[in-house]
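**Q** Sequence:
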Amino acid sequence: MADRYYCPEPPMNGWLALEDDEARHLIRVRRVRVGEVVEVFDGRGFATRAEVVALGRDRVELAAVGGPLADRVVACRLTLATAVPKGERFDWLVEKATELGVTRLVPIVAERSVVDPRAAKLDRLRRLVVEASKQCGRNRLMELDRPVPWVDFARQSDERPRLLAHPGGLPAPAWPRARRFGSVTLAVGPEGGFTDVEVETARALGWTAIGIGATLLRIETAGLAGCAAILAHCEGTDE
1 MADRYYCPEP PMNGWLALED DEARHLIRVR RVRVGEVVEV FDGRGFATRA EVVALGRDRV
61 ELAAVGGPLA DRVVACRLTL ATAVPKGERF DWLVEKATEL GVTRLVPIVA ERSVVDPRAA
121 KLDRLRRLVV EASKQCGRNR LMELDRPVPW VDFARQSDER PRLLAHPGGL PAPAWPRARR
181 FGSVTLAVGP EGGFTDVEVE TARALGWTAI GIGATLLRIE TAGLAGCAAI LAHCEGTDE
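All the letters of the sequence shown, read from the start, carry residue numbers 1 to 239 under this note's numbering.
A couple of the hints might just be wrong.
Claimed, not checked - Heads up, simulated BS3-like pairs for lysine-lysine below, C-alpha to C-alpha not over 27 Å straight-line:
id, residue 1, residue 2
1, K96, K121
2, K134, K86
3, K86, K121
4, K96, K134
No wet-lab data here; the hints were simulated from the structure.
Throw the hints in and build the complete structure from the sequences for me.
**A** Okay, structure coming up:
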C-alpha cells in the first residue's frame, strides 16, 4: 500500500496541502522529494493519489493525480458503546476498532465501571484513530464520542438492532441480522459486567442480550470479538 497521509481540508481545483505533523513526517522522516506520489485522504471518505510539487519547512503542496480512489467501507454502520478498560488497553481497543471498520465508538460509564472515561484525552485518542486509519487503508475516520452514562445512552440510542453483551444472552447464530437494518449498536459493560438492573432496563428499552463466547472476556476482547462477528454477519447473506 502507498504511503498515506491525512489531509482534512478538501482539494481546491486539484491542489492539496499537508501541514504540521503530517508535513513534518513526510519531509523529515519519509524524506520525500518533489515528483513523488503519495496517497491522501480526508477522513470523510475521499482519497486520491497526489504528486508532491513543493516542499516548505512545515508544509507540503501536492497536486491530485487521477480521480478519487475507492472508499473502503463495511456493509453496515456499527456503533460500539463500551466501558473503558484500564491503562493502555483502551488505546489498543480504539486502534483495533478503527481497523475493523467500527463506525462510531462511545465510551460509557456503568454502575460497575472502575475507570472514569472522562479522564481520557480525546484529542490523543483521535490521533490514534488517524494513525490506525492511515495504516489500514480506511478513508472515513471512526467517530469518537464524549463519554456518557450508560443509562442515558441506552435510552437515547435509536439504531436497530441494539445488542447488549451479557453472559447467557443469545448465541451468535441467533443474533438479529444487522444487514437487514443497515446499522447496529453493540454495548459492552465493565469487567464486572452490567448489573441485573441495567440489563433489565435495557431489555425494557428494546435491547437484545447476546452472549460472546463461552468464557469470561475482558472489555476490549468482548468488544472486538462482538464487532468482528457482527461485521461478518453484515458481509454474509441473510437467510
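**Q** Check each numbered hint from earlier against the structure, then list the numbers of those it violates in ascending order.
**A** none
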